[in-house]
Amino acid sequence: MARPATKNTKKPDTWELKLYVAGHTLKCKSAFTNLKKLCKKCIPGRCRIEVIDLLENPQLAKDEQILAIPTLVRTFPLPLRKTIGDLSNEERVLKGLDMPC
Amino acid sequence: MVKAINNVESPEELQKCQTGIRGLDEITDGGLPKGRPTLVCGSAGCGKTLLAMEFLVRGAAQYNEPGVFVSFEESSEELVQNVASLGFDLNGLIAHKKMYLDQVRIERSEIEETGEYDLEGLFIRLNHAIDSIGANRVVLDTIESLYSGLANEGILRAELRRLFRWLKEKGVTAIVTGERGENTLTRHGLEEYVSDCVILLDNRVEGQISTRRLRIVKYRGSSHGTNEYPFLIDEQGISVLPITSLGLQHDVSTERISSGIPRLDIMLEGDGYYRGSSILISGTAGTGKSSIAATFANATCSRGERCLYFAFEESASQIIRNMHSIGIGLQPWLEQGLLSIHAVRPTVYGLEMHLVKMYKLINEFKPEVVIMDPVTNLISIGSETEVKSMLSRLIDFLKASHITALFTNLSHAGGAVSLEQTEFGISSLMDTWILLRDIELGGERNRGLYILKSRGMAHSNQIREFLLTDRGIDLVDVYAGPGGVLTGSARSAQEAQEKAAELVRRDETGRKKRELDRKKKALEVQITALRSEFEAVEEETNKLIQQEEIKEKVLAADRAGMMRLRKADADS
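Here the protein sequences line up with chains A and B, keeping their order.
Each position in the first sequence, counted from 1, maps to that position plus 6 in my numbering.
Each position in the second sequence, counted from 1, maps to that position plus 8 in my numbering.
Looking at chain A on its own, in the form it has when it is part of the complex:
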């Protein structure tokens, strides 16, 4: 379900984000929409979003320490950063991801 926003992954300033969801709930859908909107606005063309459905891969919940759904993890640039929620509060998302905008 990876949806690369840009093909060039080798670019050093490309953000890698993982969105953990559980099925197609309203919260998960709106989180994805909100995230896309935000990436387009703040880091256009420099964002790679991976959506992971834990219902399909339950083992990942343990491995990645996921508790709340939806959870967004910034895997690049390091360090790892985590936010939980449907990403509706833009200010908090920017703070949580430390995203310049």
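Check each hint, because a few of them may be wrong.
Said to hold, decoys possible - Below 27 Å or equal to it, Euclidean Cα-Cα: the simulated DSSO-like pairs (lysine-lysine) are:
id : chain 1 : residue 1 : chain 2 : residue 2
1  : A       : K46       : A       : K35
2  : A       : K47       : A       : K101
3  : B       : K176      : A       : K33
4  : B       : K42       : A       : K33
5  : B       : K178      : B       : K226
6  : B       : K368      : B       : K396
I should point out that these hints are in silico values taken from the structure, not numbers from a laboratory.
Got chain A; can you put chain B on it based on the hints?
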């Protein structure tokens, strides 16, 4: 198994899940509610995690019920290490798919909350864990940590409510632990969600001695013990011991067992103590209480029975050495495993813990006789009422198990009144009460023994002198005479004195007899003298009488002559 029984009895009856934790299943009347969550709460360090872990380990090892442990605090490695010291091999269980460990790490500072969320991730993890090993048991330790990790309490409350409902639907027997709050059972009110069974753990320090206690606050649909039960964490895990008074319904035995002292047996109707009775030996220091106890232990082992000896004053080797000096060899019994001596200072742990320890040892060793020497030392760690209540529970337990118990009681010197008062009025709990006392006389101390009471038998009321010889204990008759009770050399002296007095008395009697003879003789002489005197007088008198008669005759003749001369009338 309980499961099977419950199925047979009635399908509606609450099914129980045996914990396998010693004692807990007895208190809960069969275990935790099957397929429902149980809340275990308590302050930090009171054993919540361990209880939960033991529930899983025993479930996996004894009942073939795999378990999932979700830790919100400790890492899996820490958990494995922590319980390894209790002999739980978590890694082995995990490898055999009997156990599943998952650590939920959550740091508020690392996580920004950006809007609506739920805890579906936790549900997915749990579900995956349960399904991957087919778990019947689940532990969430301590789920309240979520409150420190997540800011939105509203969501958390709703999700926790959903979680407990979900666990019930899943049909797993769960233990949820919670930290004790100020005035509530748990800090965040978990008891609101878990309403089936709540267990409270406590670790109280009284007089510098800490005691762990467990109480079942609530157990819906089941009878359960309501008291606080002390529990023990040792190398085999948790033992909870239901030590409430079992009531007075125990059967009694009419069988007798020897005290090991023949003369004492004779004093007790000739047969000794009743089996399963409680015996109190009280006396001041150095009166031979321990010797009587050791003699009883020796007699027990000689019959091939087992004896458990709790020593609160001397070490095992010291007891053996000392008893050897009076000809009681305990060493062979130790080697044969018939005797077990547990020497421990009373202050090592609290009263309840002593009781728990004793229960455990008694259950393990299964003795016919238990000796506690001296029981008085326990008072140093508890109040009178506590000690009395503890002892009454112990005695009830021993009686129910038909174990004969001998207690020694050190009473403080100070007159006969205090001697006959036991330190904490425990004498009323005892069936037989033997008093040893010093008898100080003539510059030496000797030991006297008597039986104050012995329920159900016509015991002797005599005082016996109690001798410790190199061949054991001997009882001899004391001197009881007009001069009072005498013992020891005073008794011997008195006996000698009596013999001398006897001789003197015999002499005196002879002398008196002789004197009497003499007197008799003197009297006889006197009588003879008087008689001869009387004879003389009699002779004299007779002579006079004869003379008078002759005189009379002469006079009569004279008168007749006169009348003839006067020519008296013929008619006269």
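Checklist entry - Which numbered hints are broken by the structure, listed smallest first? => result 4
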